[in-house]
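K.L.:
Letter by letter, the chains look like this.
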Amino acid sequence: MEKAININRPSSADGMSRIDGRLKVTGAAKYSAEYAVEGLTYGVLVGSAIAKGSIAAFDIKTAERAPGVLFVVTYLNAPKVPGFQPDQKGVRAQLKVFNDDKIFYNGQPIALVIADTYERALYGASLVKATYNKEEHQTNLTENFGKGYPPRGDGLYKRGTEDAWKSAPIKLEQEYMVPTNTHNPMELHAIIARWDADDKITVWDKTQGVKATQHDISQLFNIPLENVQVNSRFVGGAFGSALRTWPHEIVAILGAKAVKKPVKLVLSRADMFTSVGYRPHTWQKIGIGATADGKLTGITHQAYGQTSPYENFTEGAVNVSQSLYACPNVNTKYNLVALNVGTPTWMRGPGEATGAFALESALDELSYVLSIDPVELRLRNYAETDPENGKPFSSKYLKEAYQLGADHIGWNDRKQQPGTVKKDGWFVGYGIGCGMFGAYRSGATVKATMKADGTLHLQSAVSDIGPGTGTAMVLIAAEQMGMPADKISFENGASDLPQAPTQGGSATTASVGSAVHQACVELKDKIQKLTGNSGTDNPDYAQILKQHDLPLLEVTAKSTGGEGRDKYSMNSWSVHFVKVLVNGSTGVVKIDKVASVADCGTIISPKTARSQIVGGAIGGIGMALMEEAVIDHRYGRYINNNYADYHVPVNADIPQIDALFVNKPDPILNPMGAKGMAEIALVGMAAAVANAVYNATGKRVRELPITPDKVIA
Amino acid sequence: MKQFQYVQPATQQAVLEVINKPGTKIIAGGTNLVDLMKRGVTAPDKLVDINHLPLKHITSTPKGLYIGALALNSVVSENKLVAEKQPLLAMALKSGASPQLRNMASVGGNMMQRTRCGYFYDTAMPCNKRVPGSGCGAYEGVNRMHAIFGASSQCIAVHPSDMCVALAALDAVVIIAGKKGEHRVPFTEFHRLPGDHPETDNNLPFGELIVGVEIPNNNLQKNSYYLKVRDRQSYAFALVSVAAALDIENGIIQNARLAMGGVAHKPWRLFDAEKLLIGKKASEESFQQAAQLAMQGAKAYGHNSFKLKLAPASITEALKHAAGLV
Ligand SMILES: Cc1cc2nc3c(=O)[nH]c(=O)nc-3n(C[C@H](O)[C@H](O)[C@H](O)COP(=O)(O)OP(=O)(O)OC[C@H]3O[C@@H](n4cnc5c(N)ncnc54)[C@H](O)[C@@H]3O)c2cc1C
Chain A
1 MEKAININRP SSADGMSRID GRLKVTGAAK YSAEYAVEGL TYGVLVGSAI AKGSIAAFDI
61 KTAERAPGVL FVVTYLNAPK VPGFQPDQKG VRAQLKVFND DKIFYNGQPI ALVIADTYER
121 ALYGASLVKA TYNKEEHQTN LTENFGKGYP PRGDGLYKRG TEDAWKSAPI KLEQEYMVPT
181 NTHNPMELHA IIARWDADDK ITVWDKTQGV KATQHDISQL FNIPLENVQV NSRFVGGAFG
241 SALRTWPHEI VAILGAKAVK KPVKLVLSRA DMFTSVGYRP HTWQKIGIGA TADGKLTGIT
301 HQAYGQTSPY ENFTEGAVNV SQSLYACPNV NTKYNLVALN VGTPTWMRGP GEATGAFALE
361 SALDELSYVL SIDPVELRLR NYAETDPENG KPFSSKYLKE AYQLGADHIG WNDRKQQPGT
421 VKKDGWFVGY GIGCGMFGAY RSGATVKATM KADGTLHLQS AVSDIGPGTG TAMVLIAAEQ
481 MGMPADKISF ENGASDLPQA PTQGGSATTA SVGSAVHQAC VELKDKIQKL TGNSGTDNPD
541 YAQILKQHDL PLLEVTAKST GGEGRDKYSM NSWSVHFVKV LVNGSTGVVK IDKVASVADC
601 GTIISPKTAR SQIVGGAIGG IGMALMEEAV IDHRYGRYIN NNYADYHVPV NADIPQIDAL
661 FVNKPDPILN PMGAKGMAEI ALVGMAAAVA NAVYNATGKR VRELPITPDK VIA
Chain B
1 MKQFQYVQPA TQQAVLEVIN KPGTKIIAGG TNLVDLMKRG VTAPDKLVDI NHLPLKHITS
61 TPKGLYIGAL ALNSVVSENK LVAEKQPLLA MALKSGASPQ LRNMASVGGN MMQRTRCGYF
121 YDTAMPCNKR VPGSGCGAYE GVNRMHAIFG ASSQCIAVHP SDMCVALAAL DAVVIIAGKK
181 GEHRVPFTEF HRLPGDHPET DNNLPFGELI VGVEIPNNNL QKNSYYLKVR DRQSYAFALV
241 SVAAALDIEN GIIQNARLAM GGVAHKPWRL FDAEKLLIGK KASEESFQQA AQLAMQGAKA
301 YGHNSFKLKL APASITEALK HAAGLV
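Protein chains in written order, with the UniProt record's numbering: chain A, 1 to 713; chain B, 1 to 326.
No wet-lab data here; the hints were simulated from the structure.
Do not rely on the hints blindly, as some may be mistaken.
[Stated by the list, open to error] 27 angstroms max Cα-Cα, derived BS3-like pairs, lysine-lysine:
1. B:K38 / A:K422
2. A:K590 / B:K275
3. B:K309 / A:K423
4. A:K129 / B:K56
5. B:K94 / A:K423
6. A:K96 / A:K129
7. A:K285 / A:K61
[What the hints assert, rightly or not] Here are the in silico distance ranges between beta carbons for each label pair:
8. A:E388 / B:H303: 52 to 60 angstroms
9. B:G251 / A:K590: 54 to 62 angstroms
10. A:K590 / B:N217: 34 to 42 angstroms
11. B:L193 / A:P82: 57 to 65 angstroms
12. A:K590 / B:V131: 38 to 46 angstroms
13. A:E143 / B:H183: 36 to 44 angstroms
14. A:I654 / B:Q288: 27 to 35 angstroms
15. A:S11 / B:K275: 57 to 65 angstroms
16. B:E285 / A:K158: 53 to 61 angstroms
17. B:Q288 / A:K590: 42 to 50 angstroms
18. B:N217 / A:V421: 39 to 47 angstroms
C-beta atoms are modelled at their ideal positions from N, C-alpha and C, and glycine is treated no differently.
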């Protein structure tokens with residue numbers, strides 16, 4: 001099937017639909033907050049109203065007396081969390097919630113009100129009063145570069161000559177800003193926590209990794225791993241926000257201990273801005289130099305990203321500059337600035353999305369200085385091997401991707417001179433932006449059970465946060481076993497299922513898919529041993545089991561992290577082509593057409609793959625045009641912490657988005673030939689939009705989001 | 001959310017008997033009120049549901065078009081009479097909120113909706129509108145969405161409605177019922193400027209009920225346009241919006257109506273700019289002159305400085321659309 005795939009409007013010809021699609025659209029899919037656990041009580045968080053200092057006193061009397069309120073948990077009465085580590089700045093220094101009186105950021109949870117109904121808990125929460133010892137806070141990134149520090153080592157990377165761009169014949173230097181973006185998945189983070197015994201607990205929890213959550217709870221509460229059951233059968237989007245265990249999860253568990261009843265805690269939309277991370281506000285500066293014929297001679301890329309006072313969060317914001325293009329001299333610098341904000345976390349395309357906005361904008365700017373077509377400029381600097389370490393790529397078909405996308409969007413219609421094409425009074429412009437992300441794979445275990453009726457049941461702990469993991473796993477098994485997909489089921493999202501990595505870094509198909517593949521190979525082996533022949537195309541498994549009088553046949557197969565990483569550089573690649581319309585008087589930008597092309601190996605499930613690419617492009621449109629969590633720095637408090645004011649794209653913002661796939665297997669990463677696609681679907685998109693806006697109008701916006709005010713400024 | 005009593009008095013008279021007590025609030029679609037209750041911005045003791053009152057009708061009278069206070073935003077926007085007689089209103093309504101919200105939102109509720117200022121919504125922030133005397137958070141704060149006309153140092157919030165901008169432009173009249181009977185208030189005098197009392201959004205007497213609005217007949221159907229400039233293409237409040245309607249004969253403007261949204265504590269009618277347009281050629285040049293005049297007295301507060309440029313550009317753009325020049 002090594003043929004490029006282009007799906008505009010998916011139909012049955014494009015293969016199987018999502019296996020849980022029906023459950024989701026009919027409401028039968030149960031999410032964490034929806035379990036009717038017996039004796040359930042309801043928690044609502046109270047957040048701090050200052051950004052730095054300590055709690056002087058609480059007045060919880062009125063709240064405690066309010067109708068239905070069972071308990072108000074604060075640091076003064078909370079059960080201790082034995083696993084909290086003593087203070088030290090490092091990755092493990094999580095917010096020790098309800099541990100002491102310290103306030104690090106505005107909105108930090110300071111109390112949990114538990115009541116017999118949600119509404120009564122909400123009212124009780126409004127009655128909790130705290131007074132504070134206020135200290136001077138800092139939330140403004142650009143005013144605090146002086147406090148920047150490298151997260152580890154010196155934060156520097158150098159290849160060739162430092163600042164070589166400065167002596168290039170053609171050069172430019174610009175600053176780029178990505179504001180705080182929040183994941184804000186539709187499903188609010190939620191947990192139901194129930195203590196089954198003093199050292200035994202069950203949680204229904206929104207998480208991208210039930211095993212990681214199980215491990216964290218076990219460590220934090222000092223209970224045996226096997227006594228922690230984490231269920232996360234369905235996840236309504238996450239984009240990274242559920243990649244770690246957050247304070248509210250600990251708080252719900254503490255609350256359940258305090259009231260000796262199961263507690264349900266569903267974050268409010270406002271809580272979502274202060275409880276589950278975000279893409280950090282990051283300032284970047286790029287110096288880039290080239291020869292007159294467009295050969296890059298040097299890139300210098302610096303970044304300052306914000307983190308919390310108690311924890312370092314680092315991401316690869318400057319990494320794209322190290323390996324996207326063949327450039328002999330590259331130096332980068334990455335610093336953190338600790339501000340009075342919660343800890344950021346990975347958000348779709350973490351680091352790379354931020355870095356690619358800067359690098360791909362700078363490259364576009366360079367193309368105009370050089371008067372070279374931006375696609376051509378990229379081709380002239382195409383990296384045939386990894387420029388960072390000289391290793392060959394396990395696979396790279398970015399050139400094919402350029403061609404597919406350029407043909408599809410009608411790149412030939414683009415005029416190099418900005419502001420020269422108008423249609424119905426709107427300026428028309430085209431832009432390109434590329435993305436890359438490491439292609440990863442880690443160990444995973446899958447149990448496969450062939451039942452007497454000839455159906456196959458697959459089990460893995462892995463979460464499915466929406467990409468269609470289950471669908472892809474079923475398709476891998478269907479192909480391996482030579483059986484119809486509708487006879488295969490996939491069970492996932494519970495910690496008592498076989499080991500799987502956390503769903504993140506676009507690595508699930510490569511990791512869990514390899515284990516499914518392995519399980520099928522082993523199962524077929526077993527069957528061959530029974531039947532003594534090498535099998536046919538469509539074996540009748542029910543018949544075989546019956547003949548051998550077997551109630552079922554099962555294997556548990558383990559796949560490793562794969563090999564070849566020492567010899568190869570493994571990455572997925574994308575290129576986004578965008579056509580925009582810009583109103584010259586009002587500054588309104590409309591996306592007219594998008595062609596996103598992915599080189600992510602073999603496409604296993606075309607429909608859900610398309611959906612990934614479309615979703616990533618939409619995320620990129622949001623990042624480009626509207627997403628920004630705004631803080632009033634006087635208070636250090638978010639001012640648009642709701643869905644009405646924090647804008648994400650709606651249908652009206654989304655034009656035709658075509659997802660195209662090179663669809664050539666990666667021969668190294670895994671037996672299916674598949675590479676990850678979730679991150680690259682977004683990485684590079686924001687720059688493609690910004691570049692298109694420039695092509696349309698001649699206005700370069702370097703500070704996201706590109707709202708009308710910036711276009712007419 | 002504070003526990004509250006919920007009542008559904010059978011008749012309009014019975015409603016009027018209960019709503020003149022403090023702590024009582026009417027609920028229509030609830031799309032604004034319930035949000036405010038959940039955020040603790042308002043905490044009524046008693047909700048008075050009026051949805052069953054016979055105030056949903058849309059009728060044509062010799063004087064104009066009558067729309068009941070409980071007519072849904074979606075219904076009004078799709079109504080044939082409205083499309084025929086007041087297309088500007090339909091266009092403004094369709095640009096507001098989302099289909100789901102418009103399906104719940106009533107005309108009366110839309111008029112009474114409160115500002116979307118972030119400081120008003122967050123009880124941990126100062127806001128003179130929510131807590132008089134606590135200060136205006138937006139004045140020196142994040143004020144990108146805020147007013148450039150008619151604001152005071154007490155409050156720079158804007159009225160968020162689209163529907164009301166069209167109604168202000170169309171010389172609508174608000175019909176209000178009190179215990180002593182009905183009275184009429186011109187739409188442009190219904191909402192007020194903040195002055196020293198930003199806690200009061202409008203001139204609806206305490207304890208009274210909006211029963212409907214009336215729009216006098218006009219000749220503006222052919223050349224009207226509602227332009228809404230916003231950060232996303234749907235489901236976002238206006239940065240600036242313009243309701244423009246013209247009566248053009250042989251290229252000459254006979255009559256003009258202009259109002260702006262997103263720029264003031266009330267729908268901002270541009271009477272002087274209208275006057276300037278009358279007798280002029282329907283051309284980009286005339287429109288620019290009107291836009292320039294409309295901006296007299298505008299004042300920005302920092303983040304919203306861009307509106308000083310966006311507002312006149314939008315007026316010109318809206319007028320061009322209305323005149324069929326784009
Ligand atoms: C996310 C979001 C986006 C939105 N976007 C837009 C937008 O882009 N443009 C726009 O114009 N609007 C927008 N809206 C606001 C929406 O139009 C209003 O919420 C709606 O019109 C209110 O009508 P309602 O019937 O639901 O009022 P309710 O919420 O029931 O009531 C609102 C207020 O009106 C009072 N009230 C209701 N009826 C009467 C009456 N007959 N007499 C006296 N007082 C009365 C109530 O007591 C209450 O104080 C948005 C709302 C939301 C939630």
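K.L.:
Name the hints, by number, that the structure is in violation of.
P.N.:
The structure breaks hints 1, 2, 4, 7, 8, 9, 13 and 17; every other hint is satisfied.
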